[in-house]
Amino acid sequence: MGASTQVTIFSLCAGLLFGLGWWLWIDSVAYASHIDDPVPVSGAYWIPGIFGTIAVLLICITPTGADDDMIDENRGKRIKAFLLFSFFVGIASILASMWILIEVYGGVKKDATDPKSSWPGVAGMLQTLSLFVSALLYRWCKSQSSTDDL
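13 is the number of the first residue of the sequence shown in this note's numbering; add one for each residue after it.
In case anyone wonders, no lab produced these hints; they're calculated from the structure. Yeah, the Cβ is synthetic: ideal placement off N, Cα and C, and Gly gets one too. Warning: the hint list may mix true and false statements.
[What the hints assert, rightly or not] Here are the computed distance ranges between Cβ atoms for each label pair:
no., residue 1, residue 2, range
1, L96, F22, 37 to 43 Å
2, W34, P75, 42 to 48 Å
3, F94, P52, 16 to 22 Å
4, K122, T17, 18 to 24 Å
5, G14, K92, 26 to 32 Å
6, W111, L148, 19 to 25 Å
7, S157, K89, 19 to 25 Å
8, K122, M13, 32 to 38 Å
Start from the sequences and build out the full structure, keeping to the hints where you can.
Put into structure tokens, the structure is as follows:
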């Protein structure tokens, strides 16, 4: 298997992980409304996935080769700072989904106002993890290709 074939396959896997993350989240929202959960999935619970998607976009648009033949060395520093910020956004979305999972859907069900299922919390966590892994995988594929045209 050639290097370009390997990059193509891993890029495809990154896209599939991205789609899987959103599919899991939408499935959990539909499931929660189907079982008449007393705690509906709030609009605020969508925020980690949205910020995870923004992190994916930021990581993927950052050019590789920040050290290679830079005319202006400050440009390389700005690219690295932008990439670091992008990783912070991705990690913050993972932490936010963990917080929602533990705070809202975790723990013992005490009364009828607690959610019946913890699936939306688990799916939110899996969503942000798959988004971040897809960004890392695509970034690795982009660095392995000889050109920056992925």
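Comparing the hints with the structure gives:
no.	hint	result
1	L96 to F22: 37 to 43 Å	violated, 23 Å
2	W34 to P75: 42 to 48 Å	violated, 26 Å
3	F94 to P52: 16 to 22 Å	violated, 37 Å
4	K122 to T17: 18 to 24 Å	violated, 54 Å
5	G14 to K92: 26 to 32 Å	holds, 30 Å
6	W111 to L148: 19 to 25 Å	holds, 22 Å
7	S157 to K89: 19 to 25 Å	holds, 24 Å
8	K122 to M13: 32 to 38 Å	violated, 54 Å
The structure is inconsistent with the numbered hints 1, 2, 3, 4 and 8, although it conforms to all the rest.
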